[in-house]
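A.B. asks: As a plain string of letters, each chain reads:
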Amino acid sequence: MATTTHSSGARAPVLIATAITLGLLGAAGAQAQAGSSVQLFGLMDIGVQALKASGTDTRYLVNSDGNTSSRFGVRGTEDLGGGLKVGFWLESAVSVDDGTSGATSTNNKDSVSGGLTWGRRATVQVSGPWGELRLGRDYVPSFGNLTTSMHPFGTNGVGSSGIMFYPVPANGTTARTNVRASNSIGYFTPSGVNGFYGHAMLALGEQGAGPTRKDGQLTGVRIGWRNEALNTSAAISKTRYATGDYTQSNVGMSYKWGPARLMALWGRNEVGITRTTATMLGTQWEVWPQGELRFAYTWLKARNVASDATHIAIGYVHDLSKRTALYTNLAKVDNKGRGTRFNVGLATTQPGGDSGGFEAGVRHSF
Amino acid sequence: MATTTHSSGARAPVLIATAITLGLLGAAGAQAQAGSSVQLFGLMDIGVQALKASGTDTRYLVNSDGNTSSRFGVRGTEDLGGGLKVGFWLESAVSVDDGTSGATSTNNKDSVSGGLTWGRRATVQVSGPWGELRLGRDYVPSFGNLTTSMHPFGTNGVGSSGIMFYPVPANGTTARTNVRASNSIGYFTPSGVNGFYGHAMLALGEQGAGPTRKDGQLTGVRIGWRNEALNTSAAISKTRYATGDYTQSNVGMSYKWGPARLMALWGRNEVGITRTTATMLGTQWEVWPQGELRFAYTWLKARNVASDATHIAIGYVHDLSKRTALYTNLAKVDNKGRGTRFNVGLATTQPGGDSGGFEAGVRHSF
Amino acid sequence: MATTTHSSGARAPVLIATAITLGLLGAAGAQAQAGSSVQLFGLMDIGVQALKASGTDTRYLVNSDGNTSSRFGVRGTEDLGGGLKVGFWLESAVSVDDGTSGATSTNNKDSVSGGLTWGRRATVQVSGPWGELRLGRDYVPSFGNLTTSMHPFGTNGVGSSGIMFYPVPANGTTARTNVRASNSIGYFTPSGVNGFYGHAMLALGEQGAGPTRKDGQLTGVRIGWRNEALNTSAAISKTRYATGDYTQSNVGMSYKWGPARLMALWGRNEVGITRTTATMLGTQWEVWPQGELRFAYTWLKARNVASDATHIAIGYVHDLSKRTALYTNLAKVDNKGRGTRFNVGLATTQPGGDSGGFEAGVRHSF
Chain E
1 MATTTHSSGA
11 RAPVLIATAI
21 TLGLLGAAGA
31 QAQAGSSVQL
41 FGLMDIGVQA
51 LKASGTDTRY
61 LVNSDGNTSS
71 RFGVRGTEDL
81 GGGLKVGFWL
91 ESAVSVDDGT
101 SGATSTNNKD
111 SVSGGLTWGR
121 RATVQVSGPW
131 GELRLGRDYV
141 PSFGNLTTSM
151 HPFGTNGVGS
161 SGIMFYPVPA
171 NGTTARTNVR
181 ASNSIGYFTP
191 SGVNGFYGHA
201 MLALGEQGAG
211 PTRKDGQLTG
221 VRIGWRNEAL
231 NTSAAISKTR
241 YATGDYTQSN
251 VGMSYKWGPA
261 RLMALWGRNE
271 VGITRTTATM
281 LGTQWEVWPQ
291 GELRFAYTWL
301 KARNVASDAT
311 HIAIGYVHDL
321 SKRTALYTNL
331 AKVDNKGRGT
341 RFNVGLATTQ
351 PGGDSGGFEA
361 GVRHSF
Chain A
1 MATTTHSSGA
11 RAPVLIATAI
21 TLGLLGAAGA
31 QAQAGSSVQL
41 FGLMDIGVQA
51 LKASGTDTRY
61 LVNSDGNTSS
71 RFGVRGTEDL
81 GGGLKVGFWL
91 ESAVSVDDGT
101 SGATSTNNKD
111 SVSGGLTWGR
121 RATVQVSGPW
131 GELRLGRDYV
141 PSFGNLTTSM
151 HPFGTNGVGS
161 SGIMFYPVPA
171 NGTTARTNVR
181 ASNSIGYFTP
191 SGVNGFYGHA
201 MLALGEQGAG
211 PTRKDGQLTG
221 VRIGWRNEAL
231 NTSAAISKTR
241 YATGDYTQSN
251 VGMSYKWGPA
261 RLMALWGRNE
271 VGITRTTATM
281 LGTQWEVWPQ
291 GELRFAYTWL
301 KARNVASDAT
311 HIAIGYVHDL
321 SKRTALYTNL
331 AKVDNKGRGT
341 RFNVGLATTQ
351 PGGDSGGFEA
361 GVRHSF
Chain X
1 MATTTHSSGA
11 RAPVLIATAI
21 TLGLLGAAGA
31 QAQAGSSVQL
41 FGLMDIGVQA
51 LKASGTDTRY
61 LVNSDGNTSS
71 RFGVRGTEDL
81 GGGLKVGFWL
91 ESAVSVDDGT
101 SGATSTNNKD
111 SVSGGLTWGR
121 RATVQVSGPW
131 GELRLGRDYV
141 PSFGNLTTSM
151 HPFGTNGVGS
161 SGIMFYPVPA
171 NGTTARTNVR
181 ASNSIGYFTP
191 SGVNGFYGHA
201 MLALGEQGAG
211 PTRKDGQLTG
221 VRIGWRNEAL
231 NTSAAISKTR
241 YATGDYTQSN
251 VGMSYKWGPA
261 RLMALWGRNE
271 VGITRTTATM
281 LGTQWEVWPQ
291 GELRFAYTWL
301 KARNVASDAT
311 HIAIGYVHDL
321 SKRTALYTNL
331 AKVDNKGRGT
341 RFNVGLATTQ
351 PGGDSGGFEA
361 GVRHSF
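Quick note, the sequences are listed as chains E, A and X, same order.
For the first sequence, full-length UniProt numbering gives the first residue as 1, with consecutive numbering after it.
For the second sequence, full-length UniProt numbering gives the first residue as 1, with consecutive numbering after it.
For the third sequence, full-length UniProt numbering gives the first residue as 1, with consecutive numbering after it.
Simulated from the structure, these hints should not be mistaken for lab results.
Think of the CB as a built atom: it goes at the ideal place given N, C-alpha and C, for glycine as much as any other residue.
Errors might be hidden in some of the hints.
According to the in silico footprint, chain A covers these stretches of chain E (three or more CB under 8 Å from chain A) [unchecked claim]: (1) 56-66; (2) 85-93; (3) 116-123; (4) 127-138; (5) 270-281.
Quick list of in silico lysine-lysine cross-link-like pairs, DSSO-like style, CA-CA up to 30 Å [unchecked claim]: (6) X:Lys322 - A:Lys214; (7) E:Lys301 - E:Lys336; (8) X:Lys301 - A:Lys85; (9) X:Lys322 - E:Lys52; (10) A:Lys52 - E:Lys238; (11) E:Lys332 - X:Lys214; (12) E:Lys214 - A:Lys332; (13) E:Lys52 - X:Lys332; (14) X:Lys256 - X:Lys332.
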């Protein structure tokens, strides 16, 4: 299933009541169908963090998601026969440090929060030999390259330079479509056809009538190719906003070279007349079967917004089991000018200042 | 169990851990009890919608609930022996298009939202040969006639004229008790006693002291009779509000005639001095084992609020399996005057204008 | 596991998919490990309540949690071998009467609500022969003595005098750490070492830079000892607030004497210059195998805030099964002065007035 290439982080789902669901199918007739399933799943990642910005005290945090985004969800598939499957997916964010959940957006423009929403993913999907059609809230195509498949740290923890591949907040719009979009119609190509894969999406902003009625409407596409050693992909997503259209484009590459996976990522974010362009070189290096070293260096060029900046990070992930890992990250951001600044996590930097961060935590999935 | 007559839409629950729960009973003693169960259940319905109102552009939406209300929940029962059972039910709404959940009300007057609430149902129920006692948040008796048991489209999608059987928003009160009530004590008659069924409810508003201390207090009753072919029922619910009491009354009838189920529904909503009365004639017609055509025509008379209006709809539901169906609906609303207007879904009509809508989607339950 | 001593109320968890999880372990290698598990669990408690305060009408409520706090959660453990275990816990509050969920706090100072949060508990824990390390949102050490282990009614229902062991709201700070803290690092001693048990916690407020950067930071410790008959424990938690530090200290004792469990609890809450000190004497008395009588008398001394007051309560809990119980409580509060008043539940008292309350309900766990 194409799905797995779009998830960040390992999941070891717990299968619920397969036997009983099979019983249901039995009641529906003696058809020769593969089993259906409903899965309760999740991942919890929590650690301690120390952040230091020039001119301020060191700040200590108990923080979620230093390695992978915490989540809680329910998902399942039903085999309809003839190669046709239907599935659903409900996934919410979890902040393990305080029990809150993440926000979502009903119009791809404004944020909705305050309690648990299935803001990480809420979809029904129908799949067949022709690929998969997916409706609901989901990752946008151009987020696919920002995960751990193309960036050693993905978009989590102080080690991640993900914020440099996201748009710099501008024009007062906070819930951009740089990660996910609501009201989306997505299509995924069938997996395993000569190594090619693709994802196209149309997501509606669902504004009312008038000149801003297409605010929040996204169109995006991602095309990639992979084999045992190489994985490369390019993507672009464009969202219409009355305050200035937003375009996210990126190209990623990952190459397995002995125990190391070498990664390169280029990404550009344009919001109205502003533009930031980031380039990352990094690696995930399997130092022994349970341990992986991570390193990434990112440099960013800014135009009409923010300042040029660099981000350097080193990390280590140690698997205690298939479902549980310990991790630690160390990172530093240098801001070249006095514009809007990039920071390590929640560090608050003085104008022109730099920041550094360290964290250690545990990730556990179910 | 009386429960099933009050649920709208098919549910194919997934049974969790029956064996283990039986183990618990075993630990409690070697009593000859029927098995207990906890079920994770849900339904996801998502489609695309086109809406056109006179004088405006066509509006496109990715929309939930065109056929049945999406939901996620947990429920279970425990057999206490001697015919006595205790159960619980936690059910939340889900907007599959954006991952948000529905609102609830703590006082049957004001709305509480912002994240997942168990606003569709949150009850503990005790049942025996004498019927069922149910405490918590639940459907009001007069909603029972508005579901697909008496209306071909129930209260979902552009095909539904449910909004004509609801009160017209007036006096600034938005979270009326036309569907559910919190703080309720409900009683259901035992099922299968000569075909008769009944539901009575008292729900408290839980205001503080003073003259408005009974704001939001509902009393309601529903009485019906059914056999293989006929199902008919009448209901009334009255809620006290300082801004004007609210009364919802309705009578429904459904008759199976060959492959068709003929339906008639009459309903009245009174809020203070305002009154709307709607009448619907319609059918669900099984054109072949997997396919059902739906048709409904509704006309509304208004007094002191809104305008007279009509709603006409045709739809088709195609079952892919016991758990999954495709559907499509087409509908049109004509408003006769320039008062508050009725619309097809989220279409926004000009004063005196009309609107039409089309949608197609997939419904999947677990 | 040390966990059980810190939970209030009985839980009969439903085990999900043990067999499948074992399958996962099998895939990870042929290690001789104990089974892992994921559990869906919860408890629903709902009843009717009548409250009477001097000078006001009797107020009727359908109310949650007269006996035990309602909850919904998911939790699990994974055995890593060598005595090492890792687990997670996600638990939210549930108001069965209206389907809302409880609040949480991201900084141990301000409240976050509006929908489901895992505000009752959200942790990842690692345990071994050396004890248990727990990160996330959890009970503070000084709450451990306020549960049904040391108070006949715990902190639920009109029978509870728990509010007298909590700080009187002062200085505009509402989300104090008298029950739980977010961003916590907790340590529990191994259970069963000569009867001693202990719990230490550091929880961060995670404010930004500046003089209030430690607002909401809690440090706490609890030390206890128990055998078959006796359980005694002392605890203290201190939280820093710019508006005045908060200290909660208490000592509890429970002694099993024939069919009765005699309980004594002393607790003090200090917020800035204010101080309240409460003492409770009570009993849980097993009148027959399914039935338990409860009685508690509490007197409170106040300084610089509120008034002296007393609380007296009698209750009865009747088990219908291991998972289900009926209960009833009757209580009265006398306020000695005209300061901030203590009330029975949601009763609203006139200055210097008293209040009484009665409730009856059903508790069901899954």
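A.B. asks: So which of those numbered hints doesn't the model satisfy?
C.D. replies: Violated: hints 1, 5, 6, 8, 9, 13.
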